[in-house]
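Residue strings, one per chain:
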Amino acid sequence: MTLGIVVFPGSNCDRDVQWAAEGCLGISSRFLWHEDRDLSGLDAVVIPGGFSYGDYLRCGAIARFAPVLQEVVRFAEAGGPVLGICNGFQVLTELGLLPGALTRNEHLHFVCETSELTVQPGSCRWLKGYSNGELLRFPIAHGEGRYQIEANQLPVLEANGQVVLRYRHNPNGSVADVAGICNPAGNVLGLMPHPERACDPATGGIDGQRLLAALLG
Amino acid sequence: MPLFRARVLVSLRPSVLDPAGEATRAAAGRLGVSAIQRLRIGKAVEVELEADSLDGARAQLELLSDRLLANPVIENWALEQLEPATAEA
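From first to last, the protein sequence lines stand for chains P and X.
Position one of the first sequence corresponds to residue 1 (my numbering), numbered consecutively onward.
Position one of the second sequence corresponds to residue 218 (my numbering), numbered consecutively onward.
FYI, nobody ran anything at the bench for these hints, they're computed from the structure.
We put the beta carbon where it would ideally sit given N, CA and C, even for glycine.
Among these hints, one or two may not hold up.
One side only, chain P facing chain X, incomplete, derived with CB under 10 Å [what the hints assert, rightly or not]: (1) L57; (2) I62; (3) T93; (4) T103; (5) L108; (6) R146; (7) Q153; (8) G173.
If we strip away everything but chain P, and leave its shape as in the complex, we get (with noise of 0.2 Å):
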């Protein structure tokens, strides 16, 4: 069980990534930087939080360009379990494996918080260690994650499940409190909070260990 972390210049929850799954989970990892185009032997791939090449344009506007990221849209369309957080989300949107697009924080606020979230994890396999309706609590940091989604496409979403976690109160304005979007399919999930923060009991819970436990089977 080998987890890939993409590395972009500029992301900075790379290694708080590999600290959740090597250092909590025993989960073995290897960082791709966004030049590589080799992901043999990895069994799923994270987009981590941060910033992609300054984030220019909008955020995730340059990095969906990256070659390591036309071996990841390869590896989610095999069916490879792909995640992506916070700028992860954005990345992953823009490369159009996730629908919608995220934007400005309602009140231009960067939120810095614990944010509780419900889940409803319906097919996405990284969730499947979670009930239905369990409130969690992990870390959000972000100015652009207020989620948009053309309006006759949000009913598509909900029909299809694929709203998978909703923030209890809603910090950055966006529709219908999405906090995290999955694919029809299972196996791409985006969202702007960071599991990887709620592994360690040291930084105050461990809600986020079962999503990357998730992937041990």
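Given the coordinates of chain P, assemble chain X onto it according to the supplied hints.
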């Protein structure tokens, strides 16, 4: 190949809240310019590119705008200006 000059305007779709525009509108009020009814912030992207023709340049700019400069989920774009680049400019 001939050189063309263009400007692409990218703006948030009208249905999408523009908090930066709202903050700027509030600051304008403190400046004493309080009659502003609407203020939306976008981007102007100036491009110079080589193409075999005006139509060829337009096709490249449309691809660029639709796939990179703007995200159609939240943004609109418009090719505001496209003309042959003159030597002195």
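Status of the hints after comparison with the structure:
Interface hint status for L57 (chain P): upheld, as the beta-carbon distance to the closest one in chain X is roughly 7 Å, under 10 Å. A cut of 10 Å between beta carbons decides the hint on I62 (chain P): the least distance to chain X is about 8 Å, and the hint holds. The beta carbon of T93 (chain P) comes within 8 Å of a beta carbon in chain X, closer than 10 Å, and the hint placing it at the interface holds. With a least beta-carbon distance of about 6 Å to chain X, the hint placing T103 (chain P) at the interface is held under the 10 Å criterion.
The restraint placing L108 (chain P) at the interface with chain X holds, with a minimum CB-CB distance near 5 Å, inside the 10 Å limit. A cut of 10 Å between beta carbons decides the hint on R146 (chain P): the least distance to chain X is about 8 Å, and the hint holds. Taking 10 Å as the C-beta cut-off, the interface hint given for Q153 (chain P) holds, the closest approach to chain X being about 9 Å. Because the smallest distance between the Cβ of G173 (chain P) and any Cβ of chain X comes to about 7 Å, under 10 Å, the interface hint for this residue holds.
Checked against the numbered hints listed earlier, the structure breaks none of them; every hint is satisfied.
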